[in-house]
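As they're listed, the protein sequences go chains A and B. Under the working numbering, the first sequence has 24 at position 24, and the numbering climbs by one with no breaks. To get the working numbering, take the position in the second sequence, counting from 1, and add 1000.
A hint or two may mislead.
If you want the footprint, here are the derived chain A segments under chain B, 3+ residues with CB under 8 angstroms [to be verified]:
#1 16–22
#2 55–67
#3 143–155
#4 343–351
Computed list of chain A residues with no C-beta within reach of chain B, every gap over 10 angstroms [claimed, not checked]:
#5 T27
#6 F251
#7 W359
Derived by calculation from the structure, the hints in this document are not laboratory data. The beta-carbon is built from N, C-alpha and C at its ideal position, and this holds for glycine as well.
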Amino acid sequence: MNQLRIFRSLAKDSISNAMQGSRSYHTWMGVLTFFMLLGAYCYYQQLSKGLVVTGMHDNVSWGLYISNFTFLVGVAAAAVMLVMPTYVLKDVDFSKAVLIGEGLAVAALIMCLAFVTVDLGGPGRAWHLIPGIGLFNFPQSMLAWDVIVLNGYLFINITIPLYILMSRYQNKEPNKNFYIPGAMISVFWAVGIHMVTAFLYAGLPARPFWNSSLLGPRFLASAFAAGPALIIIILEVISRYTDYKIAEKSFAKLAMVVTVAAQVNLIMLISELFKEFYAQTHHSLSAVYLFFGLHGKTGLVPWTYASLTLNVVATAILTMHLFIKSYRWLTVACVCLFIGIWIEKGMGLIIPGFIPGSWGDIVEYVPSWIEVGVTIGIWAMGAFIFTILAKSAISIEMGRMRYKEKGKEAPAAG
Amino acid sequence: MEENNSCGHNCSCGSKQEPAPINDMGFSQTGDATTSRRGALKKLTLGLLTGAGMASTSCSVVGADDVKEKGGLQWDEFFKKNYRVMTEKEQKDTVTRLERLYELNTGKKISVSSKGATDNVLYGYAFNISKCQGYMDCVNACVEENNQDRNSEMQYIRIHEHKNGQINFELAKDDYYHEVPAEGHFYMGTQCFHCENPPCVDVCPVKATWKEEDGIVVIDYDWCIGCRYCMAACPYDGRRFNWQQPEVPEEEVNKDQHYLGNRLRKNGVMEKCTFCIQRSRNGKNPACVEACPTGARIFGNILDPKSEIRWVLENKKVFRLKEDLGTEPKFWYFMD
Chain A
1 MNQLRIFRSL
11 AKDSISNAMQ
21 GSRSYHTWMG
31 VLTFFMLLGA
41 YCYYQQLSKG
51 LVVTGMHDNV
61 SWGLYISNFT
71 FLVGVAAAAV
81 MLVMPTYVLK
91 DVDFSKAVLI
101 GEGLAVAALI
111 MCLAFVTVDL
121 GGPGRAWHLI
131 PGIGLFNFPQ
141 SMLAWDVIVL
151 NGYLFINITI
161 PLYILMSRYQ
171 NKEPNKNFYI
181 PGAMISVFWA
191 VGIHMVTAFL
201 YAGLPARPFW
211 NSSLLGPRFL
221 ASAFAAGPAL
231 IIIILEVISR
241 YTDYKIAEKS
251 FAKLAMVVTV
261 AAQVNLIMLI
271 SELFKEFYAQ
281 THHSLSAVYL
291 FFGLHGKTGL
301 VPWTYASLTL
311 NVVATAILTM
321 HLFIKSYRWL
331 TVACVCLFIG
341 IWIEKGMGLI
351 IPGFIPGSWG
361 DIVEYVPSWI
371 EVGVTIGIWA
381 MGAFIFTILA
391 KSAISIEMGR
401 MRYKEKGKEA
411 PAAG
Chain B
1001 MEENNSCGHN
1011 CSCGSKQEPA
1021 PINDMGFSQT
1031 GDATTSRRGA
1041 LKKLTLGLLT
1051 GAGMASTSCS
1061 VVGADDVKEK
1071 GGLQWDEFFK
1081 KNYRVMTEKE
1091 QKDTVTRLER
1101 LYELNTGKKI
1111 SVSSKGATDN
1121 VLYGYAFNIS
1131 KCQGYMDCVN
1141 ACVEENNQDR
1151 NSEMQYIRIH
1161 EHKNGQINFE
1171 LAKDDYYHEV
1181 PAEGHFYMGT
1191 QCFHCENPPC
1201 VDVCPVKATW
1211 KEEDGIVVID
1221 YDWCIGCRYC
1231 MAACPYDGRR
1241 FNWQQPEVPE
1251 EEVNKDQHYL
1261 GNRLRKNGVM
1271 EKCTFCIQRS
1281 RNGKNPACVE
1291 ACPTGARIFG
1301 NILDPKSEIR
1311 WVLENKKVFR
1321 LKEDLGTEPK
1331 FWYFMD
């Protein structure tokens, strides 16, 4: 009961905390709200007319939504790169960053679930997916696995930080025996969510482009590059615009993670390219389409080379940093890598999986404006959620937000 | 099919005389309501609830009792179970509701069957490459028989035109608009192959699609959530998705229906060839077999030693497509 009261007070404080801030904070949230409303309007259009308003069709039956979903699973999984050293290996470097990382995981997971939901033809029947009430095809369907691992991971990433923040909120030290096992589970779980998501595609012999045993490991490598890259960008923003300062050492360690992951990702890419092009078979057609186009259709070629260039440039900069021990170009490299991998997961993986189609038809895919609107709306929603979570976490960590015995409202701090 | 109005090209014939009354019987067409401002919020909720959005319908002349009855029926339909786990009585009930709802919506009667598989029956299909001339009568018969969406011109069957000397689907055309048979070409039809080991069934997260006892792979249209994972998993392009509210002019609706077969579908769900389950389970040939003017299509029970299909399998050199995937299609090709 007491815990519940404390939680209620925390929620109230967080909300009032989220309502206050500088002018630029309000502008940021206002812009996000605008895009969320835009997304909601686009989704309304899609609900009333059907998925026909998207650019998807019988040949390319998954598009921008599932691409973003796949990418964001990786971002969510990457939070683990901060969790493990901090909680388990007692490496305190990341302690300030870890709550931000978990907040990011929560926001990314909510976005994942949103992307899957908007992709459904009948979202009103999504209750058929609830085990017990619906009829769950477990363990046959990898999508059923994905529902379990994503929701489980969301649960873990909400409870652990909530417990820590609740403790700090009451000026107590969180109990290690409680949260370390939780953190351990989340480490394995993070790998699990990304492997399961990869298996969702890799398990389809009908799509030779996806039906590769390298897909799972490659997902992990690209996730551990793109996720921490985003965390670095966010931490830099937080460090610059708030009084919550992140140690230089944290950046150095994160940069190390990103560098290694980006290098491994490139090695795997080379391995894939070799296999597809050295001895080209019928099954290499998707890769041919991706890199050179097929029968005059070259829709994805510019994207592919953009992604390749961004990845190579970013990896080169990051690798150089390791030698010169300076991080001047870190942000640039991280932005390049993030965009490069985003393209790689969508235009470079999901869409070419469907081209050519089962009988060799080459029908290209271009997302519609409504689809783009919904996608921007969901990204805005993710950023909105993350901002609120991060702001509350920072306020508690900085000691500005503390539990007051009942009757008195805690003064919220900006 | 009673009539064969094939017009010689790749379309669902006879459906172009718009605007025809929109048929909106599949279930989650909750919105029979004509659009009103008052109902905007309710509509949105309903739309979210059913995920089907609204369809403007032609039935504005229903009384209050009918509205109430309809609401009740729709409620029951929305919260019903997956067809495969229903008891026989529950299956009968849902079929009755469907029939009644159609009557309330259009004033016309339909008959929806819930007939199950017969023992010792396993359906198979054989396609004679030597005989097919690419007339596409099968395609049109299929569209009419199975109430496929006329707007998007959905078709289950594809006829691929190959150049003599090769079976290469990448080079074949399935959208030819010239007189057939074309010189130096031959034709092959594809559709759902009703695999013994169907990858589409394994991947469905909600068990909305499955293989019946008689080997027909079916979908419960009211249970499908529209994730399209099955579409990605099918190596034969056997599955179709309703990207929008399917429409069939009322006078063209085939009223002889089966729950797992040609009953009217809704927006956002998968559908596919069911070997015309409403016909085959009543001892008839699928519409494509009956419509084929050259006799290229052979259908029957492969467990019956006296069946024609069995004769073909035993006496002809048959083959199947993409056998390396291990899906075991029950659809064979052969030549004279």
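Consistency of the hints with the structure:
1. For the segment 16–22 of chain A, the stated coverage by chain B is violated: 0 residues have a C-beta nearer than 8 angstroms to a C-beta of that chain, whereas at least 3 were required.
2. Residues of the segment 55–67 of chain A with a Cβ under 8 angstroms from some Cβ of chain B number 5, which satisfies the need for three, so the listed coverage holds.
3. Taking a C-beta to C-beta cut-off of 8 angstroms, the segment 143–155 of chain A contributes 3 residues in contact with chain B, enough for the three needed, and the coverage statement holds.
4. With a cut-off of 8 angstroms between beta carbons, the segment 343–351 of chain A has 0 residues touching chain B; three or more are needed, and the interface restraint is violated.
5. The Cβ of A:T27 sits about 30 angstroms from the closest Cβ of chain B, beyond the 10 angstroms cut-off, so the non-interface label holds.
6. At roughly 40 angstroms from the closest C-beta of chain B, the C-beta of A:F251 stays outside 10 angstroms, upholding its exclusion from the interface.
7. Not every beta carbon of chain B lies more than 10 angstroms from that of A:W359, the smallest distance being close to 4 angstroms; the non-interface claim is violated.
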